[in-house]
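Colleague: Single-letter residue listing:
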Amino acid sequence: MSRIAGWALLIFLPISCQKSSNSIENLLIKGSDTEVNVALALAEAFMEKEPNVSIAVTGGGSGTGVAALLSGKTNIANSSRPMKPDELKMAEGRGVRPLPIVFGIDALAIIVNEQNPLDSLTMDELARVFKGEIRDWAEIGGGPNMNVSLYGRQSNSGTFIYFRDEVLNAEYSSSLKQMNGTAQIVEAISNDPAGVGYVGVGYLLEKSGDLPQGVKLLKVSRAKGQTAYSPMEPSHITSDQYPIVRPLYQYVNGKPNGRLLEFLLFTIGAEGQAIVSKNGYYPISKAQHAANLELLNAKIAISK
Amino acid sequence: MRLTAHQSDRLAALVFQWAGWLSVVVLFGIFAMLVWNGAKAFTDISLAEFFFGTVWNPAAFGEARYGILPLVASTLLVTTGAMLMAVPLGIGTAAYLAEVAPPRVYNALKPAIELLAGVPSVAIGFIGITVVAPAIAKIFGLSNGLNALNGSVLLAVMALPTIITVAEDAIRAVPQSFREASFALGANRPVTLWRVTLPAAMSGILAAVMLGLGRALGETMTVLMAAGNASAFPSGFFAPVRTMTAAIAIELGETAQGTTHYFSLFAVGAVLFGISLLVNILSEKIARRFRYKI
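Protein sequence lines correspond, in order, to chains A and B. Every number in the working numbering is 11 more than the matching position in the first sequence, counting from 1. Every number in the working numbering is 1382 more than the matching position in the second sequence, counting from 1.
Keep in mind that the hints were calculated from the coordinates and are not lab data. C-beta: ideal position from N, C-alpha, C; glycine also. Please note: incorrect hints may appear among the correct ones.
The following label-pair restraints were derived from C-beta to C-beta distances [claimed, not checked]:
id, chain 1, residue 1, chain 2, residue 2, range
1, B, Arg1554, A, Leu216, 42 to 48 Å
2, B, Met1415, A, Asp147, 56 to 62 Å
3, B, Leu1664, A, Ala56, 55 to 61 Å
4, A, Ser82, B, Thr1425, 20 to 26 Å
What the simulated footprint calls covered on chain B by chain A, stretch by stretch (three residues with Cβ under 8 Å from a Cβ of chain A suffice, anywhere in the stretch; the number is not a length) [to be verified]:
id, region
5, 1388-1401
6, 1515-1521
7, 1531-1543
8, 1628-1638
Work out the full structure, taking the sequences as your base and the hints as a guide.
Modeller: Below is the structure:
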């Protein structure tokens, strides 16, 4: 639905803008499906404040957004992973200077079917499950007596890459079922007693704040013998106790100015961060905020 | 100025000639573009790896792998399964509609079948995930039903309207005199249908099957959503599979233009195009043979 909403915005905004005045500035945001809902919320709030800006948000995956930034087809590339070395090399070749602006923190939740008796996993067990080294639930005290059935995202997803590079640090099992979006992972696992998958916390909870029917959240610990934490408790995330957290990026090409800069400052400011929290993510730390300002050269821009 | 009859004939002939040539030009244009871009992939990938490699993983954690075999095998597996279901069901339905169904039933069935053709493939894919896959899991005692069989069932549903519509027309086109001759020799209606009408309509029915096959081969969204989409080499109908179309659709969005990965997807497209072309040429040959027999 979010992607459809994004498209709708893309299609209708230019039409509605032409009516009012010609001085409207259009901004394009493209990329991560994880970030598309929060980006849309931020864009709407910003447009309410600044009526002569029109922002179109579309998804497609982090890889899609980065590819669009490299070919100059978007102002902001949303990415839920850092840019890859070959992407950075390509950027250099094309004279694109990508700046990573961190505007939120996401936690990845590990979900299984509600029938699974398992309660928690260590990071090592989690990695071995998704590498295909643990094939039977019985090996780690889970159920049912079936082969583990793995669900993940597709290779154009930043979540897919993040989980592979940071949690597995190796290739996924070739029997990983690559689903076309978070909702499909949740839907499939709620129907699969042997299923396990990862989804962004921001996308897991329903509007009521409950878990979707049929799935169960696992606690995760850093190593055997250590406490396992749930990502549902915000303090576990901000205190760095829950191990699977990642920054959410907005990449821009070179130091931004004008409306683009204003929008970026809005997203990392108090108002933007409140919207980020409201959408199921966590606000950035002071250090991250300072790093952003450094990148944006914000002092100069604001004092003009 | 009024055109003479001769002039307007010439004009019409010219217009239709150009329309005909246009589709040929477009076809060759697409093929040339696929081959042109696909060929560039082979500066980095060896032909042997591309055509005989058993791993397709261009965005790998380690070394990128470009073996097209698992994609081809998945496509053929899902399509074969779909045809095994859709062909008997489709021809049976067509025969019923054309020869047996009373007008009231016909008037209810026909629009329903035509509507089925209009259901978007995402909707069918979603039904596949939420309804068909759990049913398959239950029937066969699997933990989940996101596999080649699920893809086949859904593709069969999508190919059915094409097969039924074209086959029904073919059966209706059989001259009434054929049936009357059969009845005069003492054959009843089932025998007439089976031994006279269906064989006489065979070339049209084959065309229907081939059109349905083309529909199944090229379908993307449904298999991408509901066939499991795992990169492993398919081990059977209960294995999750990733077809050629799904691989192209998923990966083309993320690849930067001008990379080996980008060109390799065009090469996959060219292979898919080649398979479709082969199916069409074969069907044309077969259909012609049946036509001459009658």
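Colleague: Run every hint past the structure and note whether it holds.
Modeller: Quick rundown of the hints versus the structure:
Under the hint 42 to 48 Å, the C-beta atoms of B:Arg1554 and A:Leu216, about 56 Å apart, miss the expected range. Evaluation of the 56 to 62 Å hint for B:Met1415 and A:Asp147 yields a failure: the beta carbon distance comes to about 48 Å. Take B:Leu1664 and A:Ala56: their Cβ atoms lie about 59 Å apart, and the range 55 to 61 Å holds. Distance hint for A:Ser82 and B:Thr1425: a CB-CB separation of about 22 Å, consistent with the stated range 20 to 26 Å.
Coverage of the region 1388-1401 of chain B by chain A is violated [criterion: at least 3 residues with CB-CB distance below 8 Å; count 0]. Under the rule that three or more residues need a Cβ within less than 8 Å of chain A, the assignment of the region 1515-1521 of chain B holds, with 3 such residues. Requiring three or more residues with a Cβ within less than 8 Å of a Cβ of chain A, the coverage given for the region 1531-1543 of chain B is violated, as only 0 such residues are present. Judged by the Cβ-Cβ criterion of 8 Å, the region 1628-1638 of chain B is covered by chain A as claimed, because 6 of its residues qualify and three suffice.
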